[in-house]
Amino acid sequence: MTPLDFLLWVAFPYIAAATFVVGHILRYRFDQFGWTSRSSQTYENRLLRWGSPMFHYGMLMVIGGHVVGLFIPKPWLEFFGVTEHIYHLGATWMGSVAAVLTIAGLIILIVRRRLVTRVHLATTVMDKVMYIFLGGTILFGTIATVLHQVLGAGYDYRGSISPWIRSLWGLQPDPSLMSDVPFFFQLHVLTATALFLLWPFTRLVHVFSAPIGYIWRPYVIYRSRDTHKGSGARPVKRGWEKAELPNVRVSPRADEPSRPSRSRTNIRR
Amino acid sequence: MRVMAQMSMIMNLDKCIGCHTCSVTCKQVWTNRTGVEYAWFNNVETKPGVGYPRQYEDQEKWKGGWVRTKRGRLKLRAGGRLSKLLHIFDNPDLPVIDDYYEPWTYDYDMLTTAPAGTQSPVARPKSLLTGKNMDIKWSGNWDDNLGGSQETAADDPILATMSEHVKMEFENTFMFYLPRICEHCLNPACVAACPSGAMYKREEDGIVLVDEDGCRGWRMCVSACPYKKVYFNHKTGKAEKCTLCYPLIEQGKPTICSETCVGRLRYLGLMLYDADAVLAAASIENDHDLLDAQRGVFLDPFDPEVIAAAKAEGMEDDWILAAQNSPIYKLIAEYKIALPLHPEYRTMPMVWYIPPLSPVVDVVSTTQADSEDARTLFAAIDRLRIPVQYLAGLFSAGDVRPVEASLKKLAAMRSYMRDINLGRPADERIARAVGMTGETMQAMYRLLAIAKYEDRYVIPKAHVETARELDELACSLDTDGGPGMGGPGQNAGPFGHESGMPLAGTVSNYNEMTGKAGEKTKPTTPGRVNLLNWTGGNVPPGMFPPKKSPGAPA
Chain E
1 MTPLDFLLWV
11 AFPYIAAATF
21 VVGHILRYRF
31 DQFGWTSRSS
41 QTYENRLLRW
51 GSPMFHYGML
61 MVIGGHVVGL
71 FIPKPWLEFF
81 GVTEHIYHLG
91 ATWMGSVAAV
101 LTIAGLIILI
111 VRRRLVTRVH
121 LATTVMDKVM
131 YIFLGGTILF
141 GTIATVLHQV
151 LGAGYDYRGS
161 ISPWIRSLWG
171 LQPDPSLMSD
181 VPFFFQLHVL
191 TATALFLLWP
201 FTRLVHVFSA
211 PIGYIWRPYV
221 IYRSRDTHKG
231 SGARPVKRGW
241 EKAELPNVRV
251 SPRADEPSRP
261 SRSRTNIRR
Chain P
1 MRVMAQMSMI
11 MNLDKCIGCH
21 TCSVTCKQVW
31 TNRTGVEYAW
41 FNNVETKPGV
51 GYPRQYEDQE
61 KWKGGWVRTK
71 RGRLKLRAGG
81 RLSKLLHIFD
91 NPDLPVIDDY
101 YEPWTYDYDM
111 LTTAPAGTQS
121 PVARPKSLLT
131 GKNMDIKWSG
141 NWDDNLGGSQ
151 ETAADDPILA
161 TMSEHVKMEF
171 ENTFMFYLPR
181 ICEHCLNPAC
191 VAACPSGAMY
201 KREEDGIVLV
211 DEDGCRGWRM
221 CVSACPYKKV
231 YFNHKTGKAE
241 KCTLCYPLIE
251 QGKPTICSET
261 CVGRLRYLGL
271 MLYDADAVLA
281 AASIENDHDL
291 LDAQRGVFLD
301 PFDPEVIAAA
311 KAEGMEDDWI
321 LAAQNSPIYK
331 LIAEYKIALP
341 LHPEYRTMPM
351 VWYIPPLSPV
361 VDVVSTTQAD
371 SEDARTLFAA
381 IDRLRIPVQY
391 LAGLFSAGDV
401 RPVEASLKKL
411 AAMRSYMRDI
421 NLGRPADERI
431 ARAVGMTGET
441 MQAMYRLLAI
451 AKYEDRYVIP
461 KAHVETAREL
471 DELACSLDTD
481 GGPGMGGPGQ
491 NAGPFGHESG
501 MPLAGTVSNY
511 NEMTGKAGEK
521 TKPTTPGRVN
531 LLNWTGGNVP
541 PGMFPPKKSP
551 GAPA
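Same order as they appear, the protein sequences are chains E and P. Numbering-wise, the first sequence is residues 1 to 269 according to full-length UniProt numbering. Numbering-wise, the second sequence is residues 1 to 554 according to full-length UniProt numbering.
Result set (BS3-like, lysine-lysine): computed pairs, CA atoms no more than 25 Å apart in a straight line: (1) LYS15(P) with LYS336(P); (2) LYS61(P) with LYS75(P); (3) LYS128(E) with LYS132(P); (4) LYS15(P) with LYS452(P); (5) LYS63(P) with LYS75(P); (6) LYS128(E) with LYS235(P).
These are calculated hints, taken from the structure and not from any lab test.
Based on the sequences and whatever the hints tell you, model everything.
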């Protein structure tokens with residue numbers, strides 16, 4: 001085990017996991033007001049209505065596939081008659097459908113985000129960083145699958161990556177399992193780990209607000225003003241600033257030296 | 001029977017002159033921020049007209065409110081719970097910002113900083129979404145006073161249900177203004193549609209609010225509200241709506257829109273209702289029966305049984321008294337002249353309207369007939385199908401009878417009071433013709449025409465003393481940075497440091513309430529003076545920010 005192996009396959013995942021957990025707890029505690037999907041549907045509806053469901057439903061399938069592949073040990077599935085061959089076929093075919101949906105959706109959403117000015121201007125730096133790692137993770141995962149599973153002979157990641165991840169969960173990390181994993185699988189794992197590290201600081205937190213409870217709760221909710229929670233518990237939040245132009249420089253003439261740009265009073269976190 | 005109190009509003013449309021003061025003051029107080037530039041918690045529409053957002057009344061298009069299923073159950077028009085969750089990634093019924101209007105500002109700086117040139121500098125409109133120059137083609141009240149209505153009025157969803165003939169002629173016939181705020185419904189579709197459960201109806205006064213901390217920006221409330229009175233703050237990604245100015249209501253004061261209404265046409269007061277009866281009433285089969293069904297949900301605050309039940313629910317005596325003196329109860333239940341806006345949405349709205357008699361009076365006046373004569377007016381109400389039908393489309397799901405009854409009472413009052421004003425003996429037959437007595441007619445006249453401040457607004461204070469016992473909390477806006485500012489513990493209150501905001505603290509008496517004898521309150525910024533305590537006499541140290549040292553960055 002080289003120091004690099006230790007760094008990439010033990011230290012980095014644990015740092016990411018710790019940041020993920022602590023970051024979410026802190027953000028939930030101190031930034032409820034910022035906890036939102038920050039939808040841009042009011043800016044642009046037509047493209048979003050195609051891209052967003054494609055991406056999200058594709059992503060749900062992808063996540064489901066990863067849970068089965070990574071967290072259910074091979075012998076367990078074999079006990080139920082799912083042989084390596086059946087698993088491989090299923091994972092590759094269903095995975096491909098999910099990947100096509102996800103990637104097509106993501107492309108529509110990213111193109112929309114770049115080309116529709118209103119949406120573009122509402123994109124934060126953190127959004128862009130997040131898009132790089134999210135896109136990278138999906139891209140490398142797809143490349144790895146196409147190279148090894150579709151075109152190649154098929155790589156049995158359930159013999160290396162899956163046990164490695166479970167070894168992390170069992171607090172008995174075994175980085176040697178990852179040493180001989182194909183390059184694009186390694187890259188996929190690393191970008192995904194980085195994405196988990198960034199997660200609590202992005203709009204991705206909305207994943208943990210999936211409103212499943214809506215199915216069971218009564219339609220009309222009554223609350224007493226006395227049970228108002230958290231009065232004074234949180235500090236000043238963003239979003240209560242005066243109306244102003246978006247942060248683009250509006251210079252009346254190209255040859256005129258631009259006026260000092262208006263200072264933005266909103267606090268970005 | 002579960003007795004609940006609802007803070008409600010009634011607007012007397014005959015007195016609305018469409019000045020938009022309510023909209024402007026509301027905007028200054030609540031929505032003068034980035035993200036809600038396009039949002040008007042209070043707006044005034046010219047009717048007939050397409051409204052704001054455009055054609056919001058067309059529920060075939062927007063799928064707002066409730067529908068009754070074949071089995072007699074209520075369902076959100078946009079679909080049930082599962083369907084809502086399946087569409088969570090793309091709300092199919094969400095209005096985009098252009099359905100309201102693209103917010104803009106003007107490049108005012110150009111007027112003073114433009115370089116010398118041959119042309120006068122102009123302040124061009126700039127989009128607040130993109131910062132680019134834009135052509136203003138629509139706004140919140142583009143068809144104000146029927147401006148451009150020959151182009152747009154055919155899109156009015158209510159006119160669309162009427163005959164072609166009306167569409168051609170309406171301009172010569174009538175026009176009136178419809179100020180709108182959130183309806184604070186008894187059966188709110190927005191609350192029912194919120195997947196996060198962040199929207200709620202307050203138990204004490206029925207005000208419908210959004211918990212900004214709990215909102216996750218799923219936008220279902222925006223599309224579920226048939227009145228389109230929940231707005232998406234595109235900056236914060238959260239829903240915002242009319243709060244019925246609850247910080248003022250809690251202090252026993254009217255909302256900003258009511259307080260500043262120059263026509264003095266708004267009424268505020270409590271309505272007691274049976275919360276257990278709401279669902280059955282909203283599920284009644286025939287749309288035309290919804291008005292009476294909602295009236296049936298209200299409780300008589302003088303009924304000893306109701307009073308006993310209200311006390312059993314913990315309602316304080318002053319609230320029951322306020323419910324008895326409520327102008328809302330008088331106008332809805334006693335005089336029966338107020339009507340709800342679009343009862344057919346089945347949300348049981350609680351901002352009601354007194355329909356305008358003026359379209360009828362205007363037509364009568366132009367014919368040289370006596371527009372204050374009861375019989376002439378009664379005949380005109382019967383004959384002027386178009387305005388009456390239109391009003392019925394707004395206020396009674398298309399049933400003209402309640403609108404006619406209401407208009408005839410207004411006409412009778414007009415005629416009855418003329419005799420008295422001219423020193424002639426009162427004609428009791430006029431009152432009897434609309435099922436009233438001269439006495440109630442005069443009482444109604446005092447409430448509608450004299451409209452004293454204390455008669456229009458009967459608002460009991462919230463019982464903050466109980467809240468303080470529970471939570472050390474006075475004003476629920478006392479969060480840091482909230483409009484209440486300060487917050488408990490920040491400034492020394494009149495009762496010492498440990499207490500919260502003063503109970504009756506307002507802007508006008510803030511100094512006396514917080515200024516303990518001889519003790520200056522601490523400013524929130526160290527080294528600065530709290531301007532609230534500045535008497536204007538001298539320049540105290542800390543009035544201005546400390547001068548920067550020469551080496552410091554600018």
